[in-house]
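The chain contents come next:
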Amino acid sequence: MKPIIKATALSRWYGEVIGLNDLNVEIQPGITGLLGPNGAGKSTFMKLLVGEMRPSSGSLEVLGHTPFANLELYGQLGFCPQQDALYDHMSGLQFVTHCMRLAGHNHTDAKAAASRALQRVNLQNAMNRPVSGYSKGMRQRTKLAQAFAHTPKLIIADEPLTGLDPVARHQVLELYRELGESGTSLVISSHVLHEVQSLTQRIVLIHRGRLLAQGSVEDIRQLLSSHPRKVHLKARDPRALARALLELPHVNSTTLKEDTGDLHVETRDIQAFHADLPALASRTRSGIESLESSDASLDAVFDYLVG
Amino acid sequence: MLHFIQSAWLLSRLQMRSLLFSRRIIFCLLLAIAPIVIAWFAGAHQHASETVPFIGMFLVLQVIAPLISLTVGSSVVTEELENRTITYIFTRPTDRAAFFVGRLLASTVVSSILIALSSLGVIWAATYPREGMANLTRVRKRRGANEMVEIVRDLPDDLAVGLLTAATVAAVMYTLISAGLGVFFKRAMILSLAYTFAVEGFLANIPGSTQKLSVQFYLRSLFSDSHEMEASILSKIPILSEATAYTSSEALARLGVAYLICLLIGAFGIRKRQYLMTS
Amino acid sequence: MRASTHTEIYRPFTGSLREHPHRWLTIGASSVRQGFKRKLPALLLFTPVAIGCVIACFRVYFRFQLLSGELVNINSPGAAGITMMVTETLGDVVANIITYTQSMAFFSLMIVAWYGAGLIAEDRRLGANLLYFSRPISRLDYLLGKGSGTFAFGFLALTLPCLLVCSVAAFTSPEWSFLIEEWPSILKVILFSGIWVSTITLLVLTISSLVGRKSHALIGIIGTIVLSGGVSAVLSHLLRENAFSLLNLFENFERLGEWMFDRWDSDREVTIGQTLAALGGFWAICLLTLAARVRKLEVVA
Amino acid sequence: MSESVISIRNMVKCYGAVRALDGFDLDVPPGPVGLLGPNGSGKTTLLKLLLGLLAPTEGEATVLGYSPTQRLDRLSVRTVVGYMPEGDCVLPGMSAIELVSTLARITGLRNEDAMTRAHEVLDYVQLDEERYRPIDGYSTGMKQRLKLAQALAHDPQLLLLDEPTNGLDPKGRRQMLDLVEDLGRTQGKNILLCSHLLQDVERTCDHVVVLNEGRVVEQGAVSALTAAKGALLLVEVEGDPARFIKQLCAAGLETITGGDGELRIQWPDATPDADRVFELAQQAGVVITQLRQQRSSLEDVFLRAVGAKAPAGSESEPSDSTGNSTLLKRQP
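Protein chains in written order, with my numbering: chain A, 1 to 307; chain B, 1 to 279; chain C, 1 to 301; chain D, 1 to 332.
These are calculated hints, taken from the structure and not from any lab test.
Any given hint could be a false lead.
Here are the in silico distance ranges between beta carbons for each label pair [claimed, not checked]:
(1) C:S266 <-> B:R187: 33 to 41 Å
(2) C:N242 <-> B:R13: 49 to 57 Å
(3) C:Q274 <-> B:I26: 28 to 36 Å
(4) B:I26 <-> A:Q83: 20 to 28 Å
(5) A:H194 <-> D:A17: 34 to 42 Å
(6) C:K296 <-> B:N205: 40 to 48 Å
(7) C:Q274 <-> D:E58: 21 to 29 Å
(8) C:L179 <-> D:L64: 29 to 37 Å
(9) B:A194 <-> D:E58: 37 to 45 Å
(10) C:I222 <-> B:G269: 44 to 52 Å
Straight-line C-alpha distance at most 16 Å; calculated EDC-like pairs for lysine to aspartate or glutamate [said to hold, decoys possible]:
(11) B:K186 <-> B:E82
(12) D:K143 <-> D:E129
(13) C:K188 <-> C:E258
(14) A:K234 <-> D:D88
(15) A:K136 <-> D:E86
(16) D:K171 <-> A:E26
(17) D:K143 <-> D:D88
(18) A:K234 <-> D:E129
(19) A:K234 <-> A:D259
(20) A:K234 <-> A:D269
(21) D:K171 <-> A:D303
(22) C:K214 <-> C:D92
(23) B:K186 <-> B:D95
(24) A:K2 <-> A:D22
(25) A:K234 <-> A:D219
Predicted, not measured: the structure shown is a model, and the values here were computed from it.
Think of the CB as a built atom: it goes at the ideal place given N, C-alpha and C, for glycine as much as any other residue.
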């Protein structure tokens, strides 16, 4: 499939501060998580995607267009900015209708599309109240409504989850899942990794302005062979289990946490470990209570890569 | 083209509403009322044909009109930029020039109405008949007994018209200048204040042809050309005597040309420029 | 992934807190230290004050030298004429000091404005009020601290140079005659400059508390001074009513100076009572606004 | 359980018509305590009340023996309480060491104590050579740690932390959580931690209080609240689970298959015996990659307490992406 976003040797700097440094990335349609530590160039990349800035060198194509002030692209693009900035004296409905009218729709369809979008984000009873009275979660959902009201092909969301309480965060995530399923491509930048992982397996990791890793979390984890896999076991008799595990050839080390009774096992070959475990468990009868490999989590991958 | 006009009209309505609810407008109202109050007090002591030119020229045209239009005009671009709502407009398939023209239209309408009302207020306050006129006669007596007789209550009407046109033109011009500066520079308000009171104040007040570069010069020619100024104090000040070089129609033509050029520069500028919103 | 225990050892604090720690003094001292961190503005602002002070000292020094006659040997022809002319230009010492104080008033205002404008405005913009008021300080401590910081700059700009000039006068006057005869006027000079500095401190802090940023505060201060001067001039001209000159801060202080050093020319229409009332009113407005704004600052914390 | 650190009686705070705090009693135990609640549930108002910055409409509170609602204790309570504000806050034009020592001196430390204490605290939060640089060059992580340092400057017995990990990147977040966990658990400081990121609260706090619309709707020890209810085993299997399921049913264990190949085995009695499951898996020649007891997370506790239904009906992990019944249709 044709990539929705294609960046070749893209770099952008402000004075001596480097934003992006020779970034080459292709993003396929679907939901993609854009990750990276603070100051890695994520927000610079977002601003270039939305056409708020021109690249200093290299080229960038979004849906086949060069994004800066490109009216044709903006018809198919929705942007949900990070700052919590809205027109406080307008109501939610007026704001989204205003945005739709600017996109060239006449008053009736604009109002209809706006109320549909606001219903979809669960703001139907608050949409006629001025935005100044909205909670942080409601403002975030209003911003999102204006991003997908005109059913764009691609929605770009910059840190949509920070500062939201769990209730609002759930609703926004559900919304993104629904949009993803309905065929709209999504690029979401966030620091709340476990939320991003619950939304999509495909991530793009940017660090110091360059592409560090791309693909599904599991595949990236496989590539990181230098890091042994970590497994956590809880058992009634952890010492017996530990002794037995050490006999397995591919187990590097087992550490026992006395306060929580957890057993941390590091192994070179995770498949072999999983294959041998059932036999070992039934043989030692050490009463395993839980077996978790938190290693494939996005947090762990992020740690190994970014450190 | 229709979409351009439609979005321009939409954005100007939005700017109109946000202006009317903002604190700027209260500041402008105070500025508009000030000359009226002064004219009211002055009316008790001086004859209208003396106060109106004095207040009109020095207070309204040189201070109040520019200040009001700068306050309103500088918010055309910088207001949305500062509270970051510009992203919603710049990621829409609308021409950015429509954003500039639309909001400029709303600001110009607001500032010209305010300043026109303020000048009307000045004229009304100066000519309002009041018992205070009694002591006016006493003042006249010392300067020559016969003058008391010809106290003329009403004002030569072309002086009033002159003040109104000059004030409105001042509003239109200065709103565009501050909006244009807003397109290119971050601190539009301070820059336009500097331009109006420092640069123009300097250019317009030294004799010589450099006066033609300043808006004030043309405003003066608009205002002073409209009536014979023999009796009023303005003729006594040498700088102003050169103002009558242009008739009001010539001055209007030149200002019109300048207006168009600035408008085009602003429209193209806003399309090309990258607006970085610092976090 | 459980967290490994933290290797950093956290050492509890063994010392004790002071009983009455004069918290406002700490705030004042830190604002002064902050002010003098940047050298260039300090240099630019304080050089005119230094030059003025040096000139005043020399004038006073020559004045007394001429009196004692060492400078010009008496028997040379025409010496008397020269000394007469020079003494006449130098004028009486106290008059010298008063003119010096009034001429430095403007510079001291600029210095106090530059250092004081950001004290409350930048605190609000950068959220420092959250840090200040999560400490056991009352609003009075905060205000006293900021006020003392600004006053210190004013003191350095005006009162200290005046004291310097007076001390030079005292040393050079024959057998301390200046000190013995004129000591009340020295006290008056100190009082006068003290009042001026505290008034502009109040003005600067009030405006600083009203606006959001240091640059806006500076514009506000300059605006207030120019506007009050301009409005009072225009009004008094237009309405031929001199009561409006009460609005102008500088004129009020001129009259105050004349009255304090009993050089009051009687045919002034504005009486000293009105001037003092105007100053009192100004102080009241400033203190009320400051109290209200700082209360808002604390609750926002 | 020793005497509570904070005890609040019938606390009411009204801003005009809005009742930010709706009259509630609360006893906060010593040690690290999490304070949860959706936006606008009264958390910040409560913190300001404890600091003595706000006077309540009714009710009173005692913090470590001081009563911040009374006039005389209003200021002195802040000598034993350290507050880490949420937003960015810095003293203009100062470096880290100046900021911490000035604030320590303002609290009441002597000059020499303030300077040594500032260095100690900055070492603790690992702001090494950056402490001499002006703060506007700091990253968000360093600013958060500096805020924690200034709260620790006068060694308070109670720490009020407002969203310490908000907006941090994962590395910064881990450093901050290590600090908070060390302070709470190893150094034994009393902490009241406000946060939206419930994973962080779960990791650093022992006790939790949930506020909603100005009232306490849930409180208790974290371990108790998230304890496993009933013996439900979640097993993730590689390869074809069908034979394994047959084995399980044969052994009389009722099994439901979740969305992404996750098996839910309902154990008849309360104590599941995982070895049996491994034995069955070995016989079925199937590889188990994940096995854990079904425990509700703090997020589920929070969502239940705040009245928003947990996603997908069953008390599953928050990261369960197979939410068939989406929240969109339901009223929040």
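Now the hints, each set against the structure:
1. Distance hint check: the CB atoms of S266 (chain C) and R187 (chain B) are about 50 Å apart, inconsistent with the given range 33 to 41 Å.
2. Our hint of 49 to 57 Å for N242 (chain C) and R13 (chain B) holds, since their Cβ atoms are close to 50 Å apart.
3. Against the hinted window of 28 to 36 Å, the Cβ-Cβ separation of Q274 (chain C) and I26 (chain B) comes to about 31 Å, which satisfies the hint.
4. Distance hint check: the CB atoms of I26 (chain B) and Q83 (chain A) are about 27 Å apart, consistent with the given range 20 to 28 Å.
5. For H194 (chain A) and A17 (chain D), the hinted distance range of 34 to 42 Å is satisfied, since their beta carbons lie about 39 Å from each other.
6. A beta carbon spacing of about 43 Å between K296 (chain C) and N205 (chain B) agrees with the range 40 to 48 Å that was offered as a hint.
7. In this structure the hint that Q274 (chain C) and E58 (chain D) lie 21 to 29 Å apart at CB is violated, the actual value being about 50 Å.
8. Range check, L179 (chain C) to L64 (chain D): about 59 Å between beta-carbon atoms, so the 29 to 37 Å window is missed.
9. For the pair A194 (chain B) and E58 (chain D), the beta carbons lie near 55 Å from each other, so the given range of 37 to 45 Å is not met.
10. The hint said 44 to 52 Å for the Cβ distance between I222 (chain C) and G269 (chain B), and at roughly 31 Å that hint is violated.
11. For a cut-off of 16 Å, the pair hint linking K186 (chain B) to E82 (chain B) stands: about 9 Å separates their Cα positions.
12. With a CA separation close to 14 Å, the supplied pair K143 (chain D) and E129 (chain D) stays within the 16 Å bound.
13. With a C-alpha separation of about 11 Å, the suggested pairing of K188 (chain C) with E258 (chain C) holds against the 16 Å cut-off.
14. With a C-alpha separation of about 41 Å, the suggested pairing of K234 (chain A) with D88 (chain D) is violated against the 16 Å cut-off.
15. Between K136 (chain A) and E86 (chain D) the alpha-carbon distance is near 15 Å, which keeps this suggested pair within the 16 Å criterion.
16. As the CA atoms of K171 (chain D) and E26 (chain A) are separated by approximately 26 Å, the hinted pair breaks the 16 Å bound.
17. Restraint check for K143 (chain D) and D88 (chain D): the C-alpha separation of about 8 Å stays at or below 16 Å, so the hint holds.
18. Restraint check: the Cα-Cα separation between K234 (chain A) and E129 (chain D) comes to about 42 Å, which exceeds 16 Å; the hinted pair is violated.
19. Of the supplied pair hints, the one linking K234 (chain A) and D259 (chain A) holds, its CA atoms being roughly 12 Å apart against a limit of 16 Å.
20. Of the supplied pair hints, the one linking K234 (chain A) and D269 (chain A) is violated, its CA atoms being roughly 20 Å apart against a limit of 16 Å.
21. Between K171 (chain D) and D303 (chain A) the CA atoms are separated by roughly 7 Å; this keeps the pair inside 16 Å, and the hint holds.
22. For the proposed pair K214 (chain C) and D92 (chain C), the alpha carbon gap of about 42 Å is over 16 Å, so the pair is violated.
23. Under the criterion of a C-alpha separation no larger than 16 Å, the hint pairing K186 (chain B) with D95 (chain B) is inconsistent with the structure, at around 21 Å.
24. Of the supplied pair hints, the one linking K2 (chain A) and D22 (chain A) is violated, its CA atoms being roughly 22 Å apart against a limit of 16 Å.
25. About 27 Å separates the Cα atoms of K234 (chain A) and D219 (chain A), which puts this hinted pair outside 16 Å; it is violated.
In the structure shown, a violation is registered for the earlier hints numbered 1, 7, 8, 9, 10, 14, 16, 18, 20, 22, 23, 24 and 25, in ascending order.
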